[in-house]
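Number of protein chains: 2
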Amino acid sequence: MTADGGADYVPPEERIAVFDNDGTLWVEQPYYTQLAFALDRIRALAPEHPEWATTQPFKAVLENDLEALKASGIEGVVELVMASHAGMTTDEFEAIVEDWIAAAEHPRFELPYTELVYQPMLELLNYLQANGFETYIVSGGGIEFMRPWAEQAYGIPPEEVIGSSITTEFELRDGAPGLVRQPEIDFIDDKAGKPVGIHRFIGRRPIAAFGNSDGDLQMLQWTTAGAGRRLGLIVHHDDAEREYAYDRDSHVGHLDQALDQAEAWGWVVVSMKSDWNTVFQGGAE
Amino acid sequence: MTADGGADYVPPEERIAVFDNDGTLWVEQPYYTQLAFALDRIRALAPEHPEWATTQPFKAVLENDLEALKASGIEGVVELVMASHAGMTTDEFEAIVEDWIAAAEHPRFELPYTELVYQPMLELLNYLQANGFETYIVSGGGIEFMRPWAEQAYGIPPEEVIGSSITTEFELRDGAPGLVRQPEIDFIDDKAGKPVGIHRFIGRRPIAAFGNSDGDLQMLQWTTAGAGRRLGLIVHHDDAEREYAYDRDSHVGHLDQALDQAEAWGWVVVSMKSDWNTVFQGGAE
Numbered sequence: 001m002t003a004d005g006g007a008d009y010v011p012p013e014e015r016i017a018v019f020d021n022d023g024t025l026w027v028e029q030p031y032y033t034q035l036a037f038a039l040d041r042i043r044a045l046a047p048e049h050p051e052w053a054t055t056q057p058f059k060a061v062l063e064n065d066l067e068a069l070k071a072s073g074i075e076g077v078v079e080l081v082m083a084s085h086a087g088m089t090t091d092e093f094e095a096i097v098e099d100w101i102a103a104a105e106h107p108r109f110e111l112p113y114t115e116l117v118y119q120p121m122l123e124l125l126n127y128l129q130a131n132g133f134e135t136y137i138v139s140g141g142g143i144e145f146m147r148p149w150a151e152q153a154y155g156i157p158p159e160e161v162i163g164s165s166i167t168t169e170f171e172l173r174d175g176a177p178g179l180v181r182q183p184e185i186d187f188i189d190d191k192a193g194k195p196v197g198i199h200r201f202i203g204r205r206p207i208a209a210f211g212n213s214d215g216d217l218q219m220l221q222w223t224t225a226g227a228g229r230r231l232g233l234i235v236h237h238d239d240a241e242r243e244y245a246y247d248r249d250s251h252v253g254h255l256d257q258a259l260d261q262a263e264a265w266g267w268v269v270v271s272m273k274s275d276w277n278t279v280f281q282g283g284a285e
Numbered sequence: 286m287t288a289d290g291g292a293d294y295v296p297p298e299e300r301i302a303v304f305d306n307d308g309t310l311w312v313e314q315p316y317y318t319q320l321a322f323a324l325d326r327i328r329a330l331a332p333e334h335p336e337w338a339t340t341q342p343f344k345a346v347l348e349n350d351l352e353a354l355k356a357s358g359i360e361g362v363v364e365l366v367m368a369s370h371a372g373m374t375t376d377e378f379e380a381i382v383e384d385w386i387a388a389a390e391h392p393r394f395e396l397p398y399t400e401l402v403y404q405p406m407l408e409l410l411n412y413l414q415a416n417g418f419e420t421y422i423v424s425g426g427g428i429e430f431m432r433p434w435a436e437q438a439y440g441i442p443p444e445e446v447i448g449s450s451i452t453t454e455f456e457l458r459d460g461a462p463g464l465v466r467q468p469e470i471d472f473i474d475d476k477a478g479k480p481v482g483i484h485r486f487i488g489r490r491p492i493a494a495f496g497n498s499d500g501d502l503q504m505l506q507w508t509t510a511g512a513g514r515r516l517g518l519i520v521h522h523d524d525a526e527r528e529y530a531y532d533r534d535s536h537v538g539h540l541d542q543a544l545d546q547a548e549a550w551g552w553v554v555v556s557m558k559s560d561w562n563t564v565f566q567g568g569a570e
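Protein chains in written order, with the working numbering: chain A, 1 to 285; chain B, 286 to 570.
I should point out that these hints are in silico values taken from the structure, not numbers from a laboratory.
Some hints could be false.
Unchecked claim - With a straight-line Cα cutoff of 20 Å, these simulated DMTMM-like cross-link-like pairs (lysine to aspartate or glutamate) come out:
(1) 191/A with 456/B
(2) 476/B with 238/A
(3) 191/A with 459/B
(4) 476/B with 174/A
(5) 59/A with 79/A
(6) 191/A with 471/B
(7) 476/B with 534/B
(8) 476/B with 79/A
As the list claims (entries may be wrong) - Which residues of chain B face chain A? A partial, calculated answer using Cβ under 7 Å:
(9) 375
(10) 432
(11) 443
(12) 455
(13) 464
(14) 477
(15) 481
(16) 484
(17) 487
(18) 488
(19) 507
(20) 510
Just so you know, even glycine gets a beta-carbon here, dropped at the ideal spot from N, CA and C.
Take the sequences, apply the hints, and build the full model.
Encoded structure:
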């Protein structure tokens, strides 16, 4: 694709590759990192909210009551996300995320989450970047949760991070402008939302897409249905020893339809167990 | 800002400049170019919609009845935009815009709109790009209306165009994926929406902002309130002979509050009449 004059040549401005984040670039088990952030944030804010001691789903978080937390369902999770992610300016939220990501550790590997990024995917990112590709993250995770550390962890600048978002509002406070995060969902960048997010932010169709779950199905379809040579790839988590083994029965990183459709669409399915010599950049395994 | 080691040095990744489009980079009088597109599109589609001959605001368009069109108000304009901008795939809409922009001419200058871009602003864009700046369009106009021609006209690629949008939905038709444009407003990238759009798409605060109307007020505030050296600039249309003269009393390109606040915020106000040797890139004047 980079050989000028070759049959498959693609000019640099059209060399666009999109990467899912959770489970594709870094670990997503036993639960999404952003959920760990939200729960820690609820615990940190609890002294200012005495009512949480008796109100679900907050009570469940403060008492580490996983059953009650699950029972609160998707509405409970949304409530936790809004309480932990909204109500501050974008600058304040960025500082909160930076402080948390620098201090937090993964429960099993006992390392910072930013060391639990996959070494083979870092090599792939570097290889594509060295060959003139723009490498975008296209994640169901929060756009403002990823931007503060994506550049250091992956070499991906803020303007190449696409994700889910809540709304923000411009305010002048004593003459100083700020953007205040509102407790209202703006965009869910998952499943059929991924091609929508890609088109909105990039305005071109990517030529390569990398994912690991059904949340990436439509992004893989949209990318690989374009004209010319295309690459779709699924990271299959089948390595319980060095990382985790999960697919059709897992809620986190659920992989079912995309696995069934991989052969018909010509997507590469990578076995973490068989194909990867090293799993983590930090060498955790 | 580009002298490494200097007091005002800004690393390349933070060199972000934002430009309004209508009235800042190209002509916006006697009406926004995108409105001309919408009206032409309604006329082109009329044979498929016999009911438009008797229904406002369509009747007004087909009969060139400006009074009736004005009377239909903002609701009428939204109806015209939805009828002309929605209902097709993003690929189809791109082709429609490309065909129109190649053929349409400005009513006074009788030249393609893409030749009615301002020569001094092109020089500014080139100067900033040559000095490592990312130059974004941040416009109240439609993001998908601008992307098809912005790269050729301004050297600004699709991923650096930010604008207003309608929603799109991902669809599989006979196994082929497409994004279909829906008759529903997604985001208005104007006034207080401009800093919101900037933060959503770029994730960093620009260090230079260029506008010409009150629609750019909050973008100018947000940009120039940041730390370090900043540049805010307003193009003042005061040249009725070579272009147009308008500000506080004009509906299109209304400039009132931003002009009043320019001195206090330290924004440069450029007189088109006195400061520009050449107005149009095409040399139309």
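**Study point:** Hints violated by the structure (numbers, ascending)
**Key:** Those not satisfied are hints 2 and 8.
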